[in-house]
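Number of protein chains: 4
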Amino acid sequence: MEMQFEAFRSQLEESGAVRERIRAVISELDNVVRVMQASLLPVHHATTQQAAKEVLNKAKSYIPQLQKLYSQLAEIIRDRPGQYYRYHDHWRNQTHTVVFLLSFVHWLDTQLLLSHSEVETLLGVKPEEFSIDIEDYLIGLCNISSELPRYVVNRVTAGDYECPRQVSAFLSDLFSAFRILNLRNDLLRKRFDGLKYDLKKVEEVLYDVKIRGLLSNQAAPKPMES
Amino acid sequence: MEMQFEAFRSQLEESGAVRERIRAVISELDNVVRVMQASLLPVHHATTQQAAKEVLNKAKSYIPQLQKLYSQLAEIIRDRPGQYYRYHDHWRNQTHTVVFLLSFVHWLDTQLLLSHSEVETLLGVKPEEFSIDIEDYLIGLCNISSELPRYVVNRVTAGDYECPRQVSAFLSDLFSAFRILNLRNDLLRKRFDGLKYDLKKVEEVLYDVKIRGLLSNQAAPKPMES
Amino acid sequence: MEMQFEAFRSQLEESGAVRERIRAVISELDNVVRVMQASLLPVHHATTQQAAKEVLNKAKSYIPQLQKLYSQLAEIIRDRPGQYYRYHDHWRNQTHTVVFLLSFVHWLDTQLLLSHSEVETLLGVKPEEFSIDIEDYLIGLCNISSELPRYVVNRVTAGDYECPRQVSAFLSDLFSAFRILNLRNDLLRKRFDGLKYDLKKVEEVLYDVKIRGLLSNQAAPKPMES
Amino acid sequence: MEMQFEAFRSQLEESGAVRERIRAVISELDNVVRVMQASLLPVHHATTQQAAKEVLNKAKSYIPQLQKLYSQLAEIIRDRPGQYYRYHDHWRNQTHTVVFLLSFVHWLDTQLLLSHSEVETLLGVKPEEFSIDIEDYLIGLCNISSELPRYVVNRVTAGDYECPRQVSAFLSDLFSAFRILNLRNDLLRKRFDGLKYDLKKVEEVLYDVKIRGLLSNQAAPKPMES
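Each protein sequence line maps, in turn, to chains U, V, L and F. Quick note, my numbering runs 157 ahead of the 1-based positions in the first sequence. Quick note, my numbering runs 157 ahead of the 1-based positions in the second sequence. Quick note, my numbering runs 157 ahead of the 1-based positions in the third sequence. Quick note, my numbering runs 157 ahead of the 1-based positions in the fourth sequence.
The set of hints was computed from the structure by calculation and includes no laboratory data. Errors might be hidden in some of the hints.
No copy is singled out in the list; a pair is fine if it fits within one copy or between any two copies.
As the list claims (entries may be wrong) - With a straight-line Cα cutoff of 25 Å, these simulated DSS-like cross-link-like pairs (lysine-lysine) come out:
id: 1; residue 1: K357; residue 2: K225
id: 2; residue 1: K283; residue 2: K217
id: 3; residue 1: K357; residue 2: K367
id: 4; residue 1: K347; residue 2: K358
id: 5; residue 1: K353; residue 2: K210
id: 6; residue 1: K215; residue 2: K225
id: 7; residue 1: K215; residue 2: K353
id: 8; residue 1: K357; residue 2: K347
id: 9; residue 1: K283; residue 2: K225
id: 10; residue 1: K353; residue 2: K217
id: 11; residue 1: K225; residue 2: K347
id: 12; residue 1: K357; residue 2: K210
id: 13; residue 1: K217; residue 2: K358
id: 14; residue 1: K215; residue 2: K357
id: 15; residue 1: K283; residue 2: K353
id: 16; residue 1: K283; residue 2: K347
id: 17; residue 1: K215; residue 2: K367
id: 18; residue 1: K217; residue 2: K367
Okay, chain U solo, but in the shape it has when bound (with noise of 0.2 Å):
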């Protein structure tokens, strides 16, 4: 009976020391997190393209941070085959977090959708190796989905009329890929239903500009740094 139990402690020792490792690398993952986070505020109230870019450049240049530490996490679960999801629930938090940020970061830029597989070549993690879950993505998608209509909010303020009516197509685009899944997962579903609320409030903003006739004409939206 010794001997069996001497294995098994070496054996919970070894995934002990694993996810002692893991934490380590999360305690870091937070703090980039949360420093790349407050670095993208001022997008809200930056008044110019050229400020506005500034910021984005700022935030933008957390990325190698995150890459190292995700490369860290990539090097403990590669020598343990099959052990991602043993150890899942460590980063699934920060992960939300950062799909939100470079999402949110590569709309701003863009106004697209920032892709799975563009969130795993950004975070330089090899999907064969150390992949984003679905779920975390699509989790992380929905927070773009609660920034936004602060965002247009902001804008408007700032005198950019174009800006309800390209989130809000955006966000309606979105809101219409969620309904194809067949959301079984209970924490998806609960942010996906934030997502309509998300969308009628742009919606509100969006008439609001128009009804006071502060809309132009012109049919399609334009990017914001065209």
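Dock chains V, L and F against the given chain U, drawing on the hints supplied.
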């Protein structure tokens, strides 16, 4: 004692099996409802009558699938007289959404309320076999009410300034009709309280349109497709 | 719209009135159950067979009142075929206690389990008109189990050293019988988990009696009133 | 955007379908485990070695069914390398009970602990394809511990005064073995705390037997079936 419990086992397993069969139907119903709801979403941003008509036709194309699934429920219950309310909880939520979808589509088509018996006819259920519970119907109606403010906002944004008047008249009638009822049911009363709030929101849009001189003076609202 | 809602009003009021009538019966049932339960308490401290018999007779004297009230429930439901489960929640809790009381009294009398159909006979209900739901019957049985450890402790204190053996055998049979069932019902499963604990407590009393040499060596337990 | 979400849909549906398949196996496993556990119950009241042997043989007769179901789980996971821990939650609880049943039967047979690799052999799983998680194995062992005090009480009641000594020695060894482990896992630590309490209860029975002079003086405990 054992013989009696053997009998209980088979009875508990029989009701367990009924629940399994119902759950299988509800899971499919859930899919159809989700896809039908997704198909109806573009009605918020349909810019022409033709586009709106196509959206409605697409949504209506799912009705035969609803009929098939409700006839499966009816078949399960038909063999178990008096057990409709034993299993009612299983289809309650989906039925609220089905009533909402059918009556929203009907209202978009005709600006009229879809009656309780019309719902049963559309679903192909015979009331003596498998009726739609009245409270479920009424909750489904409350769901239209919560969709209409968003619809009105989007219609006005698209330049349809008559829509608020039509919707306000419809919701006002619906609100009066609900006041006839003596609502002791908690869920229904709560939803009805939302109806008042929805009516108020639509009236505010009507006011916005009116004070900006965007409302025509013609008295009678025209149905959308006339 | 108004005519339809007038019809709904009368239907909602009809079901509201049914609920009122049922609630009035249940309120009276609640009283009888409470008094009957109080009348049964002294059985824990009855020191002679005669005293125990008197307690049981007193408890049984409430059965005609139970019959009257269940026949009132049956009468309300008889006119509404298929609505037993619509209103089932109203009498569920009281029925658990009624089953417990009847079957505890029966066990005290005979050391036998009161069967499901015997419960219906005692309550004077016809299964085709107003049955006792099987899950309610089973939950009622679990309630006896939770009364028995206390009863055993009191009987041993009063010098009846055979009682633990009888109760242990009864609960052990009941426990085995429940294990036959596939309990998907959450409430029932939770109550059943308590049954195991009750059995363990009774076995510990039996152990105490055995280890002190107080247990006779006769194999078959005798019913209390033989 | 839509194409990407179509791909997500199929991936989410694929993992949803895997969960459905696993759930179907687990539901069957649940049945077998329940019936096997019920078949083992009479061991508490078996009065002869022959009767106990028959109970154990009955319990062991379910092992081929366990093998069949674990091989089905293994087959589902085999096609999805590295996803064992993604779906691990589904079979965790049942596996605890399976380990308990197998190792309790083994202990009753031999008074020895069933090792982790013996569990895998009995279940017919190949560790490289579908292993039994070590923490699940250890939790299963804790479940024997919580069954043993009741077993000891019943054995003593049946006049087997050697049993407490055997069980006390076994639990004491098991307790020492667990102390070797560094338990950071919350669930496992909580169960382990229960082990100490179970050992104490068995020691109290041993004490009761000893001070009443019911314990023989022979040093070595005899296995039950020798």
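Verification of the supplied hints:
1. K357 with K225: Neither way: K357 and K225 sit 39 Å apart in one copy and 34 Å across, limit 25 Å.
2. K283 with K217: Classified as within: same-chain Cα gap 20 Å, cross-chain 45 Å, threshold 25 Å.
3. K357 with K367: Answer is both; intra-copy 15 Å and inter-copy 20 Å each pass.
4. K347 with K358: Intra 17 Å, inter 23 Å, cutoff 25 Å: intra and inter.
5. K353 with K210: Classified as between; 23 Å across copies, 29 Å inside a copy.
6. K215 with K225: So K215 and K225 pass the 25 Å test inside one copy only (17 Å; across, 47 Å).
7. K215 with K353: Close across copies (21 Å), not inside one copy (31 Å); limit 25 Å.
8. K357 with K347: both (16 Å within a copy, 21 Å between copies)
9. K283 with K225: Cα proximity of K283 and K225: one copy only (13 Å, versus 37 Å across).
10. K353 with K217: Only across copies: K353 and K217 sit 23 Å apart there, 29 Å inside one copy, limit 25 Å.
11. K225 with K347: Neither, since 32 Å and 29 Å both go past 25 Å.
12. K357 with K210: For K357 and K210, only the inter-copy Cα distance (23 Å) is at most 25 Å; the intra-copy one is 28 Å.
13. K217 with K358: neither (28 Å within a copy, 28 Å between copies)
14. K215 with K357: Intra 31 Å, inter 23 Å, cutoff 25 Å: inter-copy only.
15. K283 with K353: This pair counts as neither: shortest intra-copy Cα distance 33 Å, inter-copy 35 Å.
16. K283 with K347: neither (30 Å within a copy, 36 Å between copies)
17. K215 with K367: The answer is neither: 34 Å in one copy and 29 Å across copies each exceed 25 Å.
18. K217 with K367: Intra 34 Å, inter 31 Å, cutoff 25 Å: neither.
Going through the hint list in order, the structure does not satisfy hints 1, 11, 13, 15, 16, 17 and 18.
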